[in-house]
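Using the sequences plus the hints, can you model the full thing?
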Amino acid sequence: MNLKTKTFVLTALLATQFLYLKAQNCESYFPMKLGATWEVKSYDAKDKLTGTNNSKITKSDGTTNNLSATVSFESFDNKNVSQGTGEYIIKCSNGVFSVDMKSMLNSKTMEVYKDMDITVTGDEMEMPSAPTVGQTLKDANLAIIVNGGMTMMNLTMKLYNRKVAAIETVTTPAGTFENCVKITYDATTNMMFKVETSGMDWYAKNIGMVKSESYDSKGKKISSSVLTSIKQ
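Just so we're aligned, residue 1299 is where the sequence shown starts under the working numbering, counting upward by one.
Don't take each hint at face value.
Each computed EDC-like pair below joins lysine to aspartate or glutamate, with the alpha-carbon atoms no more than 16 Å apart [stated by the list, open to error]:
| # | residue 1 | residue 2 |
| --- | --- | --- |
| 1 | Lys1516 | Asp1484 |
| 2 | Lys1518 | Glu1494 |
| 3 | Lys1516 | Glu1494 |
| 4 | Lys1377 | Asp1342 |
| 5 | Lys1461 | Glu1424 |
| 6 | Lys1456 | Asp1415 |
| 7 | Lys1456 | Glu1372 |
| 8 | Lys1354 | Glu1385 |
| 9 | Lys1389 | Asp1342 |
| 10 | Lys1503 | Glu1424 |
| 11 | Lys1529 | Glu1337 |
| 12 | Lys1354 | Asp1342 |
| 13 | Lys1503 | Glu1466 |
| 14 | Lys1456 | Asp1421 |
| 15 | Lys1518 | Asp1342 |
| 16 | Lys1480 | Glu1466 |
| 17 | Lys1436 | Glu1466 |
| 18 | Lys1357 | Asp1375 |
| 19 | Lys1519 | Glu1466 |
| 20 | Lys1331 | Asp1375 |
| 21 | Lys1339 | Asp1375 |
| 22 | Lys1346 | Glu1511 |
| 23 | Lys1518 | Glu1466 |
| 24 | Lys1339 | Glu1372 |
| 25 | Lys1461 | Glu1476 |
| 26 | Lys1389 | Glu1337 |
| 27 | Lys1456 | Glu1476 |
| 28 | Lys1346 | Asp1375 |
| 29 | Lys1519 | Asp1345 |
| 30 | Lys1492 | Asp1514 |
| 31 | Lys1436 | Asp1484 |
| 32 | Lys1529 | Asp1514 |
| 33 | Lys1519 | Asp1484 |
| 34 | Lys1344 | Glu1511 |
| 35 | Lys1480 | Glu1511 |
If you anchor each label on the Cβ, the simulated ranges turn out as follows [said to hold, decoys possible]:
| # | residue 1 | residue 2 | range |
| --- | --- | --- | --- |
| 36 | Gly1333 | Gly1382 | 16 to 24 Å |
| 37 | Ser1527 | Ile1443 | 21 to 29 Å |
| 38 | Ser1366 | Asp1514 | 34 to 42 Å |
| 39 | Asn1459 | Asp1359 | 32 to 40 Å |
| 40 | Lys1436 | Glu1466 | 16 to 24 Å |
The hints are simulated quantities; they were obtained by calculation from the structure and are not laboratory data. Backbone N, C-alpha and C define an ideal beta-carbon position, used for all residues, glycine too.
Listed below in structure tokens is the structure:
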């Protein structure tokens, strides 16, 4: 996988895995039930498997308007070889969901930079609990700075033109999900060179992301992800 492809994949991964929600209560577009497990598979432009991500809610507590859940995950490549594990916490306070983006970096990614100073900063993406078609959502930015003495790497990403494009029914290997919120966006990533992409994600209430597609600047599909199983 070359650097340009990796940049595409990183853009899609961060765009689809990170979620911040504003709601009347803590009903969400993300599973919160203790023990819930789900699997997402990713594919390249030719629909060949590139990786799998398995997640599980390992801790969940709180009240209707104040919840927190710990998500443990493990990523695998196309040969089912583990690429690392990680853990992040989803929080809800008075109807506001948030998750720390930098905590979603897996252990193998962090191991590469174990002798370096890494800083991750970014905005929180948001989505309303009762989205309406045509609604515009806020932009989001991410910056990763790695400093290893003589070696430095900067990666920045901006998601913009985020809109609620439609409410649709989506079918994946995990089942058929009605009233999925379709979010479209444009993305600009800078890491040695500038890459412009676009994408669309589908979210189901209390399930999370069920489908995602990414496209290059010419509108050609470069990657996709689908929910392949979920147990709650």
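Evaluated hints:
1. For the hint linking Lys1516 to Asp1484, the alpha-carbon distance of about 12 Å falls within 16 Å, and the restraint holds.
2. With a C-alpha separation of about 12 Å, the suggested pairing of Lys1518 with Glu1494 holds against the 16 Å cut-off.
3. Among the hinted pairs, Lys1516 with Glu1494 is consistent with the structure: their alpha-carbon atoms are about 9 Å apart, no more than 16 Å.
4. Between Lys1377 and Asp1342 the CA atoms are separated by roughly 14 Å; this keeps the pair inside 16 Å, and the hint holds.
5. A threshold of 16 Å between alpha carbons decides the hint, and for Lys1461 with Glu1424 the separation of about 11 Å falls inside it, so the pair holds.
6. Restraint check: the Cα-Cα separation between Lys1456 and Asp1415 comes to about 23 Å, which exceeds 16 Å; the hinted pair is violated.
7. The suggested pairing of Lys1456 with Glu1372 is violated, with an alpha-carbon distance near 26 Å, which exceeds 16 Å.
8. The suggested pairing of Lys1354 with Glu1385 holds, with an alpha-carbon distance near 10 Å, which does not exceed 16 Å.
9. Taking the CA atoms of Lys1389 and Asp1342, the gap is near 32 Å; set against the 16 Å cutoff, the hint is violated.
10. Between Lys1503 and Glu1424, the direct Cα distance comes to roughly 14 Å. Compliance with the 16 Å bound is thereby established for this hinted pair.
11. Among the hinted pairs, Lys1529 with Glu1337 is consistent with the structure: their alpha-carbon atoms are about 9 Å apart, no more than 16 Å.
12. Of the pairs offered as hints, the one joining Lys1354 and Asp1342 is violated, with about 25 Å between alpha carbons and a cut-off of 16 Å exceeded.
13. Taking the CA atoms of Lys1503 and Glu1466, the gap is near 12 Å; set against the 16 Å cutoff, the hint holds.
14. Proximity of Lys1456 to Asp1421 is assessed by CA-CA distance (about 10 Å); at most 16 Å being required, the pair is judged to hold.
15. Among the hinted pairs, Lys1518 with Asp1342 is consistent with the structure: their alpha-carbon atoms are about 11 Å apart, no more than 16 Å.
16. With a C-alpha separation of about 7 Å, the suggested pairing of Lys1480 with Glu1466 holds against the 16 Å cut-off.
17. Restraint check for Lys1436 and Glu1466: not satisfied, since their Cα atoms lie roughly 22 Å apart, outside the 16 Å limit.
18. Under the criterion of a C-alpha separation no larger than 16 Å, the hint pairing Lys1357 with Asp1375 is inconsistent with the structure, at around 26 Å.
19. For the given pair, Lys1519 sits about 20 Å from Glu1466 by alpha-carbon distance, which is inconsistent with the 16 Å threshold.
20. For the hint pairing Lys1331 with Asp1375, the CA-to-CA distance comes to about 27 Å; that exceeds 16 Å, so the pair is violated.
21. As the CA atoms of Lys1339 and Asp1375 are separated by approximately 10 Å, the hinted pair is consistent with the 16 Å bound.
22. This hinted pair checks out: Lys1346 and Glu1511 have alpha carbons roughly 14 Å apart, not beyond 16 Å.
23. A threshold of 16 Å between alpha carbons decides the hint, and for Lys1518 with Glu1466 the separation of about 22 Å lies outside it, so the pair is violated.
24. Taking the CA atoms of Lys1339 and Glu1372, the gap is about 12 Å. The hint holds against a cut of 16 Å.
25. Restraint check: the Cα-Cα separation between Lys1461 and Glu1476 comes to about 19 Å, which exceeds 16 Å; the hinted pair is violated.
26. Between Lys1389 and Glu1337 the CA atoms are separated by roughly 21 Å; this puts the pair beyond 16 Å, and the hint is violated.
27. A distance of roughly 30 Å separates the Cα atoms of Lys1456 and Glu1476; the hinted pair therefore is violated under the 16 Å criterion.
28. For the suggested pair Lys1346 and Asp1375, the alpha carbons sit about 12 Å apart, so the restraint of at most 16 Å is met.
29. Of the pairs offered as hints, the one joining Lys1519 and Asp1345 holds, with about 10 Å between alpha carbons and a cut-off of 16 Å not exceeded.
30. Distance check on the hinted pair: Lys1492 and Asp1514 sit about 12 Å apart at the alpha-carbon level, within 16 Å; holds.
31. Between Lys1436 and Asp1484 the CA atoms are separated by roughly 12 Å; this keeps the pair inside 16 Å, and the hint holds.
32. Our distance criterion of 16 Å between C-alpha atoms is broken by Lys1529 and Asp1514, whose separation comes to about 33 Å.
33. At most 16 Å may separate the alpha-carbon atoms for a hinted pair to count; Lys1519 and Asp1484 meet this at roughly 13 Å.
34. This hinted pair checks out: Lys1344 and Glu1511 have alpha carbons roughly 13 Å apart, not beyond 16 Å.
35. With a C-alpha separation of about 11 Å, the suggested pair Lys1480 and Glu1511 falls inside the 16 Å cut-off, and the hint holds.
36. Our hint of 16 to 24 Å for Gly1333 and Gly1382 holds, since their Cβ atoms are close to 23 Å apart.
37. Distance hint check: the CB atoms of Ser1527 and Ile1443 are about 36 Å apart, inconsistent with the given range 21 to 29 Å.
38. For Ser1366 and Asp1514, the Cβ-Cβ distance of about 38 Å falls inside the hinted range of 34 to 42 Å, so the restraint holds.
39. The hint said 32 to 40 Å for the Cβ distance between Asn1459 and Asp1359, and at roughly 37 Å that hint holds.
40. For the pair Lys1436 and Glu1466, the beta carbons lie near 22 Å from each other, so the given range of 16 to 24 Å is met.
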